[in-house]
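Visitor: Let's have the full structure, built from the sequences with the hints guiding it.
For the protein sequence lines, the chains are A and B, in the order given. Counting from 1, one number per residue, gives the positions in the first sequence under the numbering used here. Counting from 1001, one number per residue, gives the positions in the second sequence under the numbering used here.
It is worth saying that the hints were derived from the structure and are not from the lab. Heads up, a few of these hints could be off.
Claimed, not checked - No more than 20 Å apart at the CA atoms, straight line, and that leaves these computed lysine-lysine pairs for PhoX-like:
(1) Lys124/A / Lys1019/B
(2) Lys130/A / Lys1124/B
(3) Lys20/A / Lys1019/B
(4) Lys1019/B / Lys130/A
(5) Lys20/A / Lys1130/B
(6) Lys1020/B / Lys124/A
(7) Lys1130/B / Lys19/A
(8) Lys1124/B / Lys19/A
Number of protein chains: 2
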Amino acid sequence: MLRIISTEWDALTQEPTFKKTHFVEEMGLMFESVGLPRMAGRIFGWLLISDPAQQSSADLAAVLQASKGSISSMTRLLIQLGLIERTSVPGDRRDYFQVKPHAWSHMTEQRLAQIAAFRQLAEKGLDLLKDDPPFLQRRLREMRDIHAFWERELPQLNQRWEQEQAKAMHPEHS
Amino acid sequence: MLRIISTEWDALTQEPTFKKTHFVEEMGLMFESVGLPRMAGRIFGWLLISDPAQQSSADLAAVLQASKGSISSMTRLLIQLGLIERTSVPGDRRDYFQVKPHAWSHMTEQRLAQIAAFRQLAEKGLDLLKDDPPFLQRRLREMRDIHAFWERELPQLNQRWEQEQAKAMHPEHS
DNA sequence: CAGAAAGTTCAGTAAGCATTGAACTTTCTG
DNA sequence: CAGAAAGTTCAATGCTTACTGAACTTTCTG
Chain A
1 MLRIISTEWD ALTQEPTFKK THFVEEMGLM FESVGLPRMA GRIFGWLLIS DPAQQSSADL
61 AAVLQASKGS ISSMTRLLIQ LGLIERTSVP GDRRDYFQVK PHAWSHMTEQ RLAQIAAFRQ
121 LAEKGLDLLK DDPPFLQRRL REMRDIHAFW ERELPQLNQR WEQEQAKAMH PEHS
Chain B
1001 MLRIISTEWD ALTQEPTFKK THFVEEMGLM FESVGLPRMA GRIFGWLLIS DPAQQSSADL
1061 AAVLQASKGS ISSMTRLLIQ LGLIERTSVP GDRRDYFQVK PHAWSHMTEQ RLAQIAAFRQ
1121 LAEKGLDLLK DDPPFLQRRL REMRDIHAFW ERELPQLNQR WEQEQAKAMH PEHS
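Guide: Here it is in structure tokens:
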């Protein structure tokens, strides 16, 4: 049996190359640094470089050496975060997962919700200090104002990104 | 002994009011939701509403019911994050902590570093797929492009904020 | 409808990390 | 310089939470 051993031909074997494993692990660490489970990062990382782009639970479990249960709960989390989606194929009992197009805009919305929460908390704090001298309120005013600023500007920026994307898709309209 | 019991007069007793405790706890949860230790959030929360704005380690330990060790390591973390700073008073052995002015701009820089890391990781991934058909590369191109976009735009937005702030401080120059 | 394959749930385990408390170091004071 | 107060470090602990594996449910096939 001839077996081609190369970092380039792993599409044939569907075994992750050393470099690809490394990429997957890096994404795992990245997710951890943002406070998300490492395994969620691994799954997302693999779905970014896998061939084909759609991978079943069994595929993921095999490649990432993880249990079915872990794959199940982490894919659920990733779907909830809006980073991946589930696709099904007629005549195939299995579900497939793939990274969701425009996943990152969705991430921006999540971020925005966080910013809004911080602004609201700052306002609660200001209410507690409403009878205190202004210089004691400064800390909280700064917190409130900058978050209100981001809350105002980020959606606009996101919109601009989406417009630019649309333009890049139809360059003949420019 | 006459003891004034009121939610408004706690500046005299330096005991946190129920509402203030609640604020502190909320900030703790907020920090957790961003992947930071809850105690760091509590400290930061208290420093946002304390009177005076400067608080010693002993103050923090007493108000937050935490150990000296915990205060020590969490203040170190907050300083490293750029959220608080240490101030010393001549003729006073103690160190005081206070929220750092413009702390949030510093947070933006941290965020920017994260975005840059994501863009770089996307580029690593693209390199792994450089011999694959373009449609397999799309996932990573999108990730790379949007992060490059934020990397370009966020600093500008931050600059605009700082300018607006400077203007608000010297309205006579407008 | 029986059997099998796919997927989910959940109790138990393991690992990581915040937190404590005690020992240690540093810094100031009389 | 001795003593005390402030602050840091670090080993041990407890808690949270990711992860596993087995039992269970669902969905498809012959």
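Visitor: Looking at the structure, which of the earlier hints fail to hold?
Guide: Violated hints (numbers, rising): 2 and 3; every other hint is consistent with the structure.
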